[in-house]
Structures are given as C-alpha cells and as structure tokens.
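For this one, chain A is given, so just place chain F on it according to the hints.
Going down the list, the sequences are from chains A and F.
Per the numbering used here, residue 104 is the first one in the first sequence, and the count goes up by one each step.
Per the numbering used here, residue 104 is the first one in the second sequence, and the count goes up by one each step.
Some clues are possibly wrong.
Each pair may be met inside one copy or between any two copies, as identical chains are not told apart.
[What the hints assert, rightly or not] As a list, the in silico DSS-like pairs of lysine-lysine whose alpha-carbon atoms are at most 25 Å apart:
1) K340 / K109
2) K225 / K370
3) K295 / K114
4) K391 / K340
5) K279 / K295
6) K279 / K114
7) K311 / K109
8) K279 / K109
Note that these hints are calculated values from the structure, not bench results.
Number of protein chains: 2
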Amino acid sequence: MPELRKDPVIKRWVIIATERAKRPHDFVRPKVEEKSTFCPFDYGNEHTTPPEVLAFRPADSSPNTPGWWVRVVPNKFGAVDPTLEPRRYGVGMFDAMEGFGFHEVIIETPDHNTHLALMDYKQVEEVVWAYWHRYTALANNTLIKYILIFKNHGRDAGASLQHPHSQLIALPIVPKRVQEELDGSLDYYNYKERCVFCDIIREETYRKERVVEENEDFIAIEPFAARFPCETWILPKRHANSFGSIVEKEVKSFAKILKNTLYRMWKALDNPPYNFMLHTAPTTGEGKEYYHWHLEIVPRLTNVAGFEWGSGFYINPMPPEEAAKYLRSVEIQ
Amino acid sequence: MPELRKDPVIKRWVIIATERAKRPHDFVRPKVEEKSTFCPFDYGNEHTTPPEVLAFRPADSSPNTPGWWVRVVPNKFGAVDPTLEPRRYGVGMFDAMEGFGFHEVIIETPDHNTHLALMDYKQVEEVVWAYWHRYTALANNTLIKYILIFKNHGRDAGASLQHPHSQLIALPIVPKRVQEELDGSLDYYNYKERCVFCDIIREETYRKERVVEENEDFIAIEPFAARFPCETWILPKRHANSFGSIVEKEVKSFAKILKNTLYRMWKALDNPPYNFMLHTAPTTGEGKEYYHWHLEIVPRLTNVAGFEWGSGFYINPMPPEEAAKYLRSVEIQ
Numbered sequence: 104m105p106e107l108r109k110d111p112v113i114k115r116w117v118i119i120a121t122e123r124a125k126r127p128h129d130f131v132r133p134k135v136e137e138k139s140t141f142c143p144f145d146y147g148n149e150h151t152t153p154p155e156v157l158a159f160r161p162a163d164s165s166p167n168t169p170g171w172w173v174r175v176v177p178n179k180f181g182a183v184d185p186t187l188e189p190r191r192y193g194v195g196m197f198d199a200m201e202g203f204g205f206h207e208v209i210i211e212t213p214d215h216n217t218h219l220a221l222m223d224y225k226q227v228e229e230v231v232w233a234y235w236h237r238y239t240a241l242a243n244n245t246l247i248k249y250i251l252i253f254k255n256h257g258r259d260a261g262a263s264l265q266h267p268h269s270q271l272i273a274l275p276i277v278p279k280r281v282q283e284e285l286d287g288s289l290d291y292y293n294y295k296e297r298c299v300f301c302d303i304i305r306e307e308t309y310r311k312e313r314v315v316e317e318n319e320d321f322i323a324i325e326p327f328a329a330r331f332p333c334e335t336w337i338l339p340k341r342h343a344n345s346f347g348s349i350v351e352k353e354v355k356s357f358a359k360i361l362k363n364t365l366y367r368m369w370k371a372l373d374n375p376p377y378n379f380m381l382h383t384a385p386t387t388g389e390g391k392e393y394y395h396w397h398l399e400i401v402p403r404l405t406n407v408a409g410f411e412w413g414s415g416f417y418i419n420p421m422p423p424e425e426a427a428k429y430l431r432s433v434e435i436q
Numbered sequence: 104m105p106e107l108r109k110d111p112v113i114k115r116w117v118i119i120a121t122e123r124a125k126r127p128h129d130f131v132r133p134k135v136e137e138k139s140t141f142c143p144f145d146y147g148n149e150h151t152t153p154p155e156v157l158a159f160r161p162a163d164s165s166p167n168t169p170g171w172w173v174r175v176v177p178n179k180f181g182a183v184d185p186t187l188e189p190r191r192y193g194v195g196m197f198d199a200m201e202g203f204g205f206h207e208v209i210i211e212t213p214d215h216n217t218h219l220a221l222m223d224y225k226q227v228e229e230v231v232w233a234y235w236h237r238y239t240a241l242a243n244n245t246l247i248k249y250i251l252i253f254k255n256h257g258r259d260a261g262a263s264l265q266h267p268h269s270q271l272i273a274l275p276i277v278p279k280r281v282q283e284e285l286d287g288s289l290d291y292y293n294y295k296e297r298c299v300f301c302d303i304i305r306e307e308t309y310r311k312e313r314v315v316e317e318n319e320d321f322i323a324i325e326p327f328a329a330r331f332p333c334e335t336w337i338l339p340k341r342h343a344n345s346f347g348s349i350v351e352k353e354v355k356s357f358a359k360i361l362k363n364t365l366y367r368m369w370k371a372l373d374n375p376p377y378n379f380m381l382h383t384a385p386t387t388g389e390g391k392e393y394y395h396w397h398l399e400i401v402p403r404l405t406n407v408a409g410f411e412w413g414s415g416f417y418i419n420p421m422p423p424e425e426a427a428k429y430l431r432s433v434e435i436q
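Same shape as in the complex, but just chain A (with noise of 0.2 Å):
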C-alpha cells in the first residue's frame, strides 16, 4: 500500500510509493535504454493499458481502440491509489495517511516519435483539453485537495517511456512548494493588496529583457531569481488562480506559446531533457484574489551543481536576462 508521509520538521509530504517499489539492487547500475519495440502507448496496443478515462476519438469509433488522437488512461504502476481512503494516522511521533490518490497519464499523441515542441498548435491544444477536462472531473472529488499536471520529457528528466505522454497525480494533500507559493502570495496580497504576480506580469512587460514570448494572454518569462539555466515561467496576463479557469481563446494561446517555448528549447539547447509542472490553486479554492496559476518548464542541463538537489539552494551559473536572449532568438517555424 502507498503512503504519504510528513516530514516532522518542514512539514513536506512525500509519497512513499510501495507499489512501484524498486529493491535497492535496482539502483545499482545506471539504466540501459531500452530499445524496446513494444509501446503500450502506441495504436494497436490500447488493451494493454488500463482502460481509457478520456479519449478524443471519432464518434464512430470504440473505447480502447485506435482511432484516438489523445488518450488518457490510469497509470499502470500509479504512485497513488484511488481505492484507498485518505485516512490518517500516526507512527509512533510521526504523521501518515493512506496513499489515496489518481495517477493518470495523458497520450498525447499516436506519434511514436513527435514531441509537443514538434506538434502542430492543432494537437498541442488538444493536449491542453485533454488536461482541462481531467482536472475539471477530477476536481469535483471532494476528497481531493490538489492536482499536479506534470511532464518529464527525455529519460535523463524521469521519463520512461519514449512516447510523448504527460501525468496527473491528484491527492489529498497541497504539495509543500504549492503551499508556500500560496503563503508568500498572500503576505505579498496583504501588504500591497495586489497579485504578486500579475505585479511580476507588468513588471517583465516593462522591463523586456527576461522576456522570451508574448501573445494576446500569455506572457513567457525567465524569472528574475531563476534556480536554473533556461528556468522558463509561462503566465495568463488575466489574473486567474485556478487552471480550471481557462476559456477556448485563452486554451488557444496557451498551447501557442507552449508549444513555442518548448522548441525555442529543443532548438537552442538540442532537445533537452525538461520537467514543466501545472502550479495551479488547491481544488478547494484558495488563492482567489492573491493566487495565479502559472507553468513552471526546466530544462534539465548538464554542468549544473549538484547540491542543489537535496539542500534547496540554488547557484545558476547563467544570468536569466542572457538565457532570455538566447532563447528569445530562436526563430519560430
């Protein structure tokens, strides 16, 4: 059975995922690419998966089968459990609730061998629906308090499987990095009784030199304190806490500079492998006035510290205004 766990000092939840339990042997040695012909995400092996939750598909067409062009099944190895409850309780000091939860994966494409950088706007938008339509069903679960839209692209950023694919977890829990943005928003909100960031919106609009794309709702920037090289935030201009707000325009836009950004990306830094993950309010609502839900993409380089990964402290060894430049000077196709 998965688990949550509260670390008793910093409060952070962590999933302790026994069901894709690795035995310690597993980490021995660096992981061969596996040049594995078999894909379960590919047309053909649809009853390979577990069944669909969400196809767009032609109406003539049957769950589980080909014809799809975005599909979203449950993870076959999930971190979490949805037939588990969100009970609590404690270990001996410790705090821990049952690993309840939804792990789905969203097929974002029949394509093998395309990649969102590489997709037309068309499909990319698709993609976004697709996520839109999840968090709206799984948002109605009053058991559920948050949910992470997330993507690791290339095995080097966690992915694996080839396929071009992103995830969902839903959970019980407000992740800790969620929380404090919340927190910091609402002790900036109380004493400028503005958004923090639609404050950072107009600011980078004036300022142009982190900026790497805009369009009619959305705006692409390096963040001013970015922890990474290439660290790219993508913004809505209206002020909005919640993803599950977004509206048909604002969908088209989005999947605009998303789809721009990831190839200013895969062309300036040669198909990096990347994280980008959905910040977006607590299903609950929180947030309305001081909250606005945003992207966070990072690329994942090489010759990057180290420590970092397990202090919280961060050196960037490339000034956000230069990487702004580099990738601002990407000619779009």
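For chain F alone, coordinates are given in the frame of chain A:
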C-alpha cells in the same frame, strides 16, 4: 559581479553566479569526461590555486608547498566574492544583494584517487577538523549569517574535479531550506517544549527499523519521510544547534560514522554520485533550544523520477525501512 536575488513569491535567495557564467551554448552537449592529467589539488601544483587559508602540514614546511594532509583554499571560480559588500538594493519590484560571501574548497587528502568512504578514520577526522576551523573562523565575521559545508561526489552530483574535496560557502543570508527547518522546529518546540530532532533520535532508537548505524555520540538513520532512496541523516545525540560546538571526542565519533555510512553506500550502491550538506544553525546563534545540527546525505541514483527536481514534490520508490536494512547489511571493513 555575482548577485544574490530573491524570489518575490516564495522568498528564496538564489546566487546568480556571473563570474563563473556559462554561455548558453555550454549547455548544449553533455560534457565529456575529461581525462586531464593535470590536477590543481595534487602535490606540486599548490601555486595553481589561490593561496591556502588553512593547511594541516608539518611545522617545517612552507605554505603552498607539498607536505600537507588537508588543505583549504579559496575557490578559484567562486560563486560569491569576499571583496564585495552585502549591500541590498531593489531592481524595480525585485530584491537583490551584491554577491558577497566566501567560497572555499577543502582538499581532503593529497591522494588524487581515494574517497572519504575509503580513507582511514584518522584522515576523515582531520577533514572534520578542517571544516570546524574554517567554520569557526568565518563565523566571527559579523557580515556572515550562514556557513554551508557540502560535498558533491561524482560528476553526476556536480563535482567538476575528481580529487576528493568538499566546499564551504559563507553567506549574508540564511538558505530557505534551513530557515524552514528553523521555523518548523520552533513550531514543534512551541507545542511540545522539546527539540523535534531529539524526539526523532529517541523514536528511531526505539523502533530500530530505520537505523543504519549508531555509536556513543551519533546516529545514522533513513528519515521517516525520505525524499530519495538511501537518503541518510547523521545526527549528534547531544542536543546542539551548531556544528561549531562539536568537541574532540565527538569529532572522532562523527568521522567514524560518516566514513562508515559513505562506505556502506559505496559498497551497496557501487560508488554512487552523492551530495551531502551540513545543516547547522545560522552563525547568529538562532535556535539554541529547538534546532539540532545534522548532516544530510543524498545519493543520486538513476531511475529516480525527475519532476521533483523543480517542483519540490517527491515520490520515493524505496521505503526508508528497506534502504536502512540494505545499508545496515554492509559489512564495515
């Protein structure tokens, strides 16, 4: 000029290290392992580093010549600069500070090809004494608030030179992770009137299942809410908020458990890359009753999911109880 910059949302300070700035292009291709024969930390190359600030060497030998067994020098490509002043200023809505601080390298041995895990206890003690001497010297500087002592072992953990060395960064700010530990342990103290780390030591000693090793003065455990497989903490049994208060007998015990723990990882995980960081109170003396210094060791293993890197949210595929059992089973030579 290096700069300290503060994230306006979560108030995390980051070093933007312009002095060691890399051009965007440096990140494009994984750096090939350089089989350079020249090492600035070897005997005879003392003149290629900045002059030593501390060395354990025979009384009749001259500074910056061979003969030393531990040597500390300023980092030639320091992330911070001691000639600056910790002057604070605004950049529009943002907050920054000159990149003032000390960045030093502790060369742990003249032997290019060894490793803390394989040295004899006496040599590891000498390394700990070097930490202590530099800690104490820099703690006297009233502009310094925090002294970070850490080690990156292996290229995948961010080490750029193979020769065994640790690093020290003294800063005019307290890193966010440490501030969180201070805040969290104060909350616990306010509620329980006890140190949370002392309680953890008591609980783990009683339960045994997460203990890797203990001696008279120290205990090595896998934390209850471990973020990573084989993440290990070493804590002093005597309550003390600062590493600076360590006494001679404890230096011996600490060196012993540190070497043994690293040896266990070396043996069990086949010389994994790892990072360790000494967590100690700010030099201002905060946390006397409620904070407890300790060392956190994080091996960087493959097959560990990636999005934690940027999101602060962790899925650990190996229960700490299993990791402890595995590390415990290694025979110490």
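Review point. What hint numbers does the structure not satisfy?
Key: none
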